[in-house]
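K.L.:
In case you want the letters, here they are:
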Amino acid sequence: MATSAKTIKPTKARSELGDILHHLVRDPLGLVGLIIVSIIILSAVFAPWIVPYDPIALNIPDRMQGPSLAHLAGTDQLGRDTFSRVIMGGRVALQVALPTIGGAIFFGLVLGMIAGYGPKWLDNIIVLLFDTVRSFPTVMFALAVVALVGPSLNTVIFVIMVTSIPTYGRVVRTLTQSLRNSEFIDAERSLGASVFRIMTVHILPNVLGPLAVLAAMDIPTVVGLEAGLSFLGMGVKPPTPSWGSLLNDGYNLIRNTPWLIIAGGIPLILTTLGFTFLGEALRDVVDPKLRGRGSK
Amino acid sequence: MSSLLEIENARVCFKVRSGLFSGAGIIDAVSGVSLKIEEGKTYGIVGESGSGKSTLARAVAGLHHASEGSIRYRGQELRNLPEREFRKLRREIVMMFQDPIGSLSPRLSIRSLITEPFRIQGMSDWDLDAEAKRLLKMVGLPEEFASRYPYQISGGQARRVGVARALALDPKLLIADEPTAGLDVSIQGEMLNLLARLQDELGLAIIIITHNLNVVRHITDHVGIMYLGKLVEEGPTEKVFATPQHPYTLALLAANPEPDPDARLMRIELLGEPPSLLNRPSGCEFHTRCPFVQSRCESDVPSWHSDTDHGSHRCHFPENWVGKQIV
Amino acid sequence: MAGVILDVRNLSVSYDTPRGPLKALRNISMQVPEKKIVGIVGESGCGKSTLILAIIQLMAPNANVTSGEVLFKDNDLLNHDLKQMQALLGVEISMVFQDPMQTHNPVLTVGRQMIDIQYRDKLSYSEKRQRAADMLALVGIPDAEARLNQYPFEFSGGMRQRIAIAMALMAKPSLLIADEPTTALDATLEVQIIKRLRELRDEIDCSILFISHHLGVIAELCDEVVVMYAGEVVEAGNVRDVFHAPSHPYTKALLECDPGHIKEKTRNLPTIPGEIPDLVELPEGCVFAERCSKIHDACSARPEFQVVTESHAAACHLNNGELVK
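Residue numbers (the working numbering), protein chains in the order written: chain A, 1 to 296; chain B, 1 to 327; chain C, 1 to 325.
Calculated from the structure, these hints are not laboratory results.
A hint or two may mislead.
[Stated by the list, open to error] Label pairs and their calculated CB-CB ranges:
#1 C:150 with B:126: 33 to 43 Å
#2 A:183 with B:82: 52 to 62 Å
#3 C:106 with B:65: 50 to 60 Å
#4 A:174 with B:126: 56 to 66 Å
#5 A:196 with B:81: 53 to 63 Å
#6 B:9 with A:174: 31 to 41 Å
#7 A:174 with B:65: 50 to 60 Å
#8 A:110 with B:25: 29 to 39 Å
#9 B:278 with A:174: 49 to 59 Å
#10 B:130 with A:196: 42 to 52 Å
#11 B:276 with C:85: 53 to 63 Å
#12 A:28 with C:284: 51 to 61 Å
#13 C:106 with B:82: 38 to 48 Å
#14 C:108 with A:138: 56 to 66 Å
Yeah, the Cβ is synthetic: ideal placement off N, Cα and C, and Gly gets one too.
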């Protein structure tokens, strides 16, 4: 006796990614976020090819100019084209953000899942670790590391990654704890699934959704942190352009020209807005889908 | 001949942290249960919230740890068996869960879900696509369901997926936790008929956990009724239904009457609410709710009576109630 | 209409969905006479929840009433604005919902909630409190006065539902609507609560509209019954007539499937094969046709309500087994 294949919900042949994109596009803020983020990512990826000028080429005769057709954002104190430096700076920002967040996600996942699913004593240790790291002010920690190994891009990446791990770890831990008591986990246990299998096959995929949202919202924070550290001289060394160093230069030269500091600030604002809109839209898509599913 | 599954005085307890209203303590969710299940037969365990029936089922499936007593499968003691050893038995002892969609891992396709047992038991080299098709056919679902996800199917269909998954490796004992809960009356029969058919085809022993006594009437050979973690009546289904001995059995029967406005038999009403497991009543634990309570019930714990005409039960004053008008 | 407290006439409700309008209720007509208990029985997708929400005007934003009237004491509720509904709800029309765990505000004591809902009455605080205690005692909660100081989480599910009933009946409404009030409870508790509900009704003299999928309870409690299927009323009438001599094939099949009904042991339980039709793309003709064992050529046209007996009607082309012209 076969049951009919008809279900109450219509089943579309869309893939999961297609489904997410479909919903994102419908949300106006999500669409704006998606567009901004795409522009940022594309310009960062293709930066070396699309910059109108070499970002580190000196051109003293043309220094300190305001925006013009030749130089869309003007030039800085060494005659370098600000617009090109902004675009390159975006590349640097993503070069920092991606490994940082990638690393933080990786360690956050591992530690968070172990804490959430494992024995209580291990959970206590890991939470203590998280809380300890979180209690360090980022800048102090950065200063300490810089004192040890000197300022560089890698320093920034390391510092921000370590201080971000607890944030991701805690979220993963909470999600894991709530999933741990689900009926489907019991079902897998009753089939004899090992702890490792349960964590990787059954818990991990369900944690990635909210984690992706968190990461999207975190990118502007990381970029801002990088800008801040570079502004303080602890990050990228000149002449590599970063938004933070642009802000630093702009700050020093604000009486001569406001354009530098604007050029450093606007991309940061756009990045924050873009990723935040995208992240919030993603969260709306991911959550209600999960809730709406499985209910008749 | 030893039974497929023998449970003797099983006890499952949980620690309860002190809340605002109750103190800390240990509760006996299952408090000394003994029963036997034969190969190829169906056993119904019936009880309401707090009876311990689901806990008992999970203890047999290895999800809870039994603190005392013995649970023997084909003579092998399951209590305290290390997981490594238990895993081998998980091909034979399987469980179907109450929440049909919630018991399916949400990010896996139906194909992956029903072939999980193969992968877990190290049999990934089998033709899993073919197995998936075979299993879907066995439970009456169309082949194209294999590529769907749990959120794309209805509760009834998800239940069938649960059955398919449980039967993947040809088990000998299936534990079905509330297989008809939440199903409309008009399709409850489908699930029960499916289980009956599969039992006939595969020689499967089934334990059905439910709160609805009427559901077990038709497909079980034996039935056990639980209250507060203990069996209060037990025996061959026909006998228990024909001549129930324990008042709680009567109450359960009365609570699911036939839809006849003129039927006024056995309007048994239990008194009050079920007691908390932290505060077990003295004597016969059912005495606080029993409509026929007498003074002896409060002080003396009834022992287990067995006779061949009825089933076994624990009541001081059992009687053959059928035909008597009680209002 | 005399002696009828609630008169639903030709009510149709649709939901806006991405696939098109979902016709959840189609031409529903039913009445609740004064001082009677009317049961609505039906399975998933029959529309009973939508019907209730339409009556008390608490429908989802994407719901549209496409036709019909809901007359409460001869006033059309569909024409009422929010203020008028608020004046009625809790006073003349009260409701008890399905899930006792979510019915009460978890951060207020039960006493506080029961006193708050008496805000329209000009009584002193202690008088209101006494009334609350009396109602709790009436629904069978021991130590009522002391328990007023407790929070909902300190009560079991069965008790919370009794409290909900107490709150609903405190204002002595003319109509109590109970939406599957005992579905979430153990069956033995259900027996207690149903009995108490019947006693209370006799005291307060209200009408009750009782929704359930549990046929045994409907038979026990109700005077009249309305059977719904996929958004339509398929049979209605005196509960004795309908249950003893069901005319519509769905009602018959439903009764046959009820586990309490089947007396002989069988390995092949009856079911109604198939599923309810798609409410967005409805088939023509009788909505039950594709699952009906008595399907005829005539069933490709929608059946009208046929009178079976004076107090019993069904929407089927077959009346007492004979085709109606």
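K.L.:
Now tell me, hint by hint, if it's right for this structure.
P.N.:
For each hint, the structure was consulted:
1. As the Cβ distance of residue 150 of chain C to residue 126 of chain B is approximately 58 Å, the hint placing it in 33 to 43 Å is violated.
2. Evaluation of the 52 to 62 Å hint for residue 183 of chain A and residue 82 of chain B yields a failure: the beta carbon distance comes to about 25 Å.
3. A C-beta distance of roughly 33 Å is found between residue 106 of chain C and residue 65 of chain B, which places it outside the suggested range of 50 to 60 Å.
4. The supplied range of 56 to 66 Å is broken by residue 174 of chain A and residue 126 of chain B, whose beta-carbon atoms lie about 38 Å from each other.
5. For residue 196 of chain A and residue 81 of chain B, the hinted distance range of 53 to 63 Å is not satisfied, since their beta carbons lie about 20 Å from each other.
6. Separated by about 40 Å at the C-beta atoms, residue 9 of chain B and residue 174 of chain A satisfy the suggested range of 31 to 41 Å.
7. For residue 174 of chain A paired with residue 65 of chain B, a C-beta distance near 26 Å fails the hint of 50 to 60 Å.
8. Restraint check, residue 110 of chain A to residue 25 of chain B: a C-beta distance of roughly 37 Å satisfies the suggested window 29 to 39 Å.
9. A hinted range of 49 to 59 Å for the beta carbons of residue 278 of chain B and residue 174 of chain A is inconsistent with their spacing of about 29 Å.
10. The supplied range of 42 to 52 Å is broken by residue 130 of chain B and residue 196 of chain A, whose beta-carbon atoms lie about 28 Å from each other.
11. A hinted range of 53 to 63 Å for the beta carbons of residue 276 of chain B and residue 85 of chain C is inconsistent with their spacing of about 41 Å.
12. The hinted range of 51 to 61 Å is not satisfied by residue 28 of chain A and residue 284 of chain C, whose Cβ atoms lie roughly 41 Å apart.
13. For residue 106 of chain C and residue 82 of chain B, the Cβ-Cβ distance of about 43 Å falls inside the hinted range of 38 to 48 Å, so the restraint holds.
14. The hinted window of 56 to 66 Å between residue 108 of chain C and residue 138 of chain A is violated, with their beta carbons roughly 43 Å apart.
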